[in-house]
Amino acid sequence: MHPDAAEFPFKCAKAKSKMVARYGLNKNGANPGWRCYRYTHQSSVTEACIGTDGQLTSEGCSDPIHEEGDYCNRVAEIEEILQDACKCQFQQRLDDFCGQMSPTGTGDFFCPKAAGYEGAMVARYHVNKKGGGPAWRCYGEIWDKSFINSCLDETGELTSENCTEVNPWRAEYCARSLAMEDIIANTACDASTTTSTTTTTTALTTTSQNNCNIQKRLDDYCKKMSPDASGEFMCNRADGFEGIMVARYGLNKNGGGPDWRCYAWTTQTSNQPACISSDGTFTSEGCTDPTADGGKYCTRPVEMQQIIDDALSECFDEPIECPVQAEMDAFCAQMRPDGLGDFKCTRSRGYEGRMVARFGPNMSGSNHGWRCYGPQYDSSTTEACIGLDGKRTSVGCSDPNFAAGSLCTRTEQLEAIISSTLESCGIITTTTTTTTTVVTTEITTTVTTTSTTSSPIQNHCGLQAKLDAYCSQMSATGVGDFMCTRMRGFDGLAVARHGMNINKDGPLWRCYAETMPVNTENACINDFGEMTAAGCSDPVEWTGKYCTRDSQIATIIEQDAGSRPYQAALDDYCSKMSPAGEGEFLCARATGFEGNMKARFDVNKNGANLMWRCYGEFENTESAICLNDLGEHTEDCPEPIFVNGRYCTRDEEMKEIISSLGSGECYEISLTTTTTTTTTTTTTTTTTTTTTTTTTTTTTTTTTTTTTTTTTTTTTTTPEPIQPFCYIQEKLDDFCGKMSSAGSDDFFCAKASVVEAKGMKMVARFGLNKNGGAPAWRCYGYTRTSTSESCLDDWGDLTSCSDPIGDDGVYCSKTAEIIDLIAENSGSRRYQEILDDYCSQMSPSGAGEFLCNRAAGSEGRMKARFGFNKNSANPMWRCYADFENNQDDLCLDEYGDATSSCSAPIHVDGKYCTRDVEIRELITSMKDGHCPATTAPTTTTTTTTTTRTTTTTTTTTTTTTTTTTTTTTTTSTTTSTTTTTTSTTTSTTTTTTTTTTTTTTTTTTTTTTTTTTTTTTTTTTTTTTSSTTSTIPIQPHCYLQEKLDAYCSRMSSTGEGEFLCPKASKIEPHGLKMVARYSVNKNGGSPAWRCYGYLKTTSADSCVDDWGQLTSCLEPIASDAVYCARTEQLEAIITSSNGVRRYQQVLDEYCSFMSPAGFAEFLCNRAAGVEGTMKARFGVNKNGANPTWRCYGYFNNDLDDFCLDDFGERTSPCSSPIYDGGKYCTREIEMSDMITSMKNGNCPATAPPTTTSESF
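The sequence shown begins at 1 in the UniProt record's numbering and counts up by one.
Don't read these hints as lab results, they were simulated from the structure. It should be emphasised that the depicted structure is a prediction, and the values quoted were computed from it without experimental measurement.
Restraint ranges, calculated between C-beta atoms of paired labels, are given here:
{"id": "1", "residue 1": "G1221", "residue 2": "M483", "range": "20 to 30 Å"}
{"id": "2", "residue 1": "E558", "residue 2": "N254", "range": "33 to 43 Å"}
{"id": "3", "residue 1": "T409", "residue 2": "K11", "range": "40 to 50 Å"}
{"id": "4", "residue 1": "G295", "residue 2": "G231", "range": "17 to 27 Å"}
{"id": "5", "residue 1": "E558", "residue 2": "K11", "range": "47 to 57 Å"}
{"id": "6", "residue 1": "I1229", "residue 2": "N254", "range": "40 to 50 Å"}
{"id": "7", "residue 1": "S177", "residue 2": "T1111", "range": "24 to 34 Å"}
{"id": "8", "residue 1": "G231", "residue 2": "N162", "range": "33 to 43 Å"}
{"id": "9", "residue 1": "A534", "residue 2": "D53", "range": "51 to 61 Å"}
{"id": "10", "residue 1": "M483", "residue 2": "G796", "range": "31 to 41 Å"}
Straight-line alpha carbon distances no greater than 35 Å define the calculated DSBU-like cross-link-like pairs of lysine-lysine that follow:
{"id": "11", "residue 1": "K911", "residue 2": "K738"}
{"id": "12", "residue 1": "K1082", "residue 2": "K129"}
{"id": "13", "residue 1": "K391", "residue 2": "K113"}
{"id": "14", "residue 1": "K1223", "residue 2": "K911"}
{"id": "15", "residue 1": "K27", "residue 2": "K14"}
{"id": "16", "residue 1": "K758", "residue 2": "K731"}
{"id": "17", "residue 1": "K113", "residue 2": "K129"}
{"id": "18", "residue 1": "K927", "residue 2": "K466"}
{"id": "19", "residue 1": "K113", "residue 2": "K253"}
{"id": "20", "residue 1": "K466", "residue 2": "K504"}
{"id": "21", "residue 1": "K223", "residue 2": "K129"}
{"id": "22", "residue 1": "K655", "residue 2": "K253"}
{"id": "23", "residue 1": "K1223", "residue 2": "K113"}
{"id": "24", "residue 1": "K253", "residue 2": "K223"}
{"id": "25", "residue 1": "K223", "residue 2": "K391"}
{"id": "26", "residue 1": "K113", "residue 2": "K223"}
{"id": "27", "residue 1": "K391", "residue 2": "K27"}
{"id": "28", "residue 1": "K731", "residue 2": "K770"}
{"id": "29", "residue 1": "K576", "residue 2": "K927"}
{"id": "30", "residue 1": "K1096", "residue 2": "K113"}
Just so you know, even glycine gets a beta-carbon here, dropped at the ideal spot from N, CA and C.
Could you build all of it, start to finish, from the sequences and the hints given here?
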């Protein structure tokens, strides 16, 4: 509609802005009919739109405003459109169904393969990735015009007309044949269903039982079971049966407890009523019997019963429509700057009479609550409204524009409207003893009867302690929500309180560093979810030492509601079993397992009688029955070993504990270390008792370990022992390596002269002397090629290594010294040494996280410090190249504390590599008891990882090679040309390096190569140790085939230079473009890279993947000679893209897809007007603060900023963004993930799926 349109029906003088179609009244409130309205309300009360079923609906439909007469009457025209539209739109409905596929979807719409194709998948009747089984699927990758009948026309027949082709070969599709066949079967083609839209609206309130296929819903749920899934869909027993499990009500493998389970196997019989019919009754009709033999099933009774309940409610319960949103909107519409009482709000200026109610944040983007908003966004992504069913919804609900500041906070008033309106609709029933909200009257009776006779439920267990634990993580140097500069000097001391700020505003949930020794304020929360002053010290706000975390703490409270530490409580109970216990804790079978027994619902030693028992030993599989925090059975706990009889049966006792928790009580866990917060002193002693020389334990001396072992063994429930020694064998070898005939004290050994003469060093071994006597620790000069248990692993146990030669007498007896060295290193982590070793791997030619251009000239000598950037800001863990000549900084000691003095780093020169996340992970790993690997793969055997993995070898050989003129590779002369294109020279490379290692030994004193720390002449040790650390090969090319296709797409019969190709005239009339393929010419000659015009439907290895290898794709048609020979140019593109990550280009491409009409992460209202032109910069917000990765729309005409170069470092000059206009979209997490992915050698996807594709 437009006032200047050429002719009727689109010419309309009243169409001064965009109009929408609605079924509504004229300005006199009469004559309902189809009109184009200029204005609509924010409400969705009247049935003014048409649904997909051809019936009038109010869902997602704003009400038309008719009073002003701003509409165009088009009754006949719109009715005609509707009649045409309601011709059987099979394909449209199927496409709409597929468009809802998402990796985060629910039910039929959950599909991990939809990642990157959200909202864009289409329905096609096509083959699978192997070319077989044509069926209805939702496909993601779309090509051009289809020559295959894979769509449906209006008659329901397959057709290729108006049907694009899809690509099944990459398996980016979601198989939904049953659901899509249901859509086809249920698509009403009767034109008569659309003519009586005003008289059939009442049918919308009921749902036909024929569509209530409960069994199918259960089967679809079971198909999601997988050992690799998360949450309720993770089930190890589904391994090998992903996508084919079915739902049945049957027995377990022991013949016990019929329940709802997902079974992998069924029989051919149908004797058991194991399925459910559409009316909710059990049936055997069309239902194969389940078999539990082999245990291939996943028990999910609670989840599947919920699916059944939801289906029955959906299919048979008549929904109650309650206009809560309309009532709230009417309230908000009364806001005025000069209003009275609740309606006085100065921020409503300019929006008088137009404010609406939404659940959203304040203007700073925090503290979500019910407010009256003036402006709204065009999007509907947040559940900011109340639907007619009384639940929060985003349907037909525009998102509130909180940043504009035109809002009035009326949380209490709007919540009162919600409560009163729902109660008047009969949706809420309340009792005096509980606040339980029930939706239907059927459920009300069961809930009310149980709640009125019991005491108030403790909805939380140890909640305040959990909140305090959250606040204790606040730190001036914290990360994310835990960074709070006000905590400087109070790290680890903050507690959670509901209190005021320094201006007496609030109260809100905050983390306070200081409290008073009085309890006059209801600032804490008890286990009933009620605010209380009991045992709660009052917060001190006037010092400003607090961090406001209201929304985060509120989320913790919300998520904690109803949870119970069921399994932890049962495990705690079992940990008390002992042959010396009293009462129910006396159990002779617990001998040897005191403090370590755990609870499982499993069988006795005869494999029978499922009961709750305390077991002492467990398998390494996770399929046993234990309880989740809702008290439901879950099968993801280690399986107990029952055949040895090492268990204590306590079925009745543990059932009482479960019942107690279920009735709302909180079980006191006295000895566990992780789940309870009441005994926090125990958690501190757990970590210290494992290290025998602790500093924080209340029992300070080491001699008291015998008294504390009984308590500590009950607390330590770690699944694997910690590594008390880190790199202990290396330390022992380093000690022995210092043995010398000219040494002093401990390092003097006359026999070391034998190995010194050969340039070798001694190593530590637990072996025999020359007479074959008792083995002991000695420093040996030679070892055999055979192995024996003569070395020490990180757990302090003897492990296999090269066998020492003792019969030649070339050894030094240093037994006492080595034993002392082992004892000294017990519990030591070598923190700083490990971090420095990690940093020493930084290199401009490194791989993954070790790639850092700033390390140029400093390879092998960078060290780890917690320091500033070149602007003296943002302290974090970095690898620095240069240091001051002092000891003014603090490094980590051997227990991970910053108490060891070291030289301060020089940061102003920018010679550092920031690795805060990686180094923190190393520290955490060591504190958890592990010995992390710190070095990148440095050797020669991993030839598939291109030239970057051979950098260590390259640095050593370039200093010693004096033979040929090739200085870029190792010692061979031909390897330099082959390593960039193929990886087939593995054997030659390894043999080459073994010859060069002998040369490297002469230069180990001058280079920093870590591969030759121990032995130098023995080339076998260097090759074997390094080859074990092979990593996944990086992708040396990114989007290589796309680049080649983009080049060929420019071929034209009228092109210029290399893009002039007369043969392109054959495909240009069809709107097609050429694509790159490696194939033969028209005579079938040798394959080469060419630009081809047409493709076959068969596949061959004619494309190139991101590893530079040929890969399968649709092969070209060469016999028609419609191709352009561009071999040299295409090969040049392949060569030039080797190793290049295109960091900035990838980020800019990602940002170019931001749009106010985008999907998921590409939806950004601020991108309006700059779609397709946004670029990535690491910049500030409109207030000039919080620098992070954002997509900006406008830029200054300068080169004052830094973008990422091709190695991921911010060293490339680029135009600085204009931030004060707010034209940017913040995407910190997404772009940081992309950068990390590229540094790890991957090629991340940057954009939603596009329809530009190859030709045929």
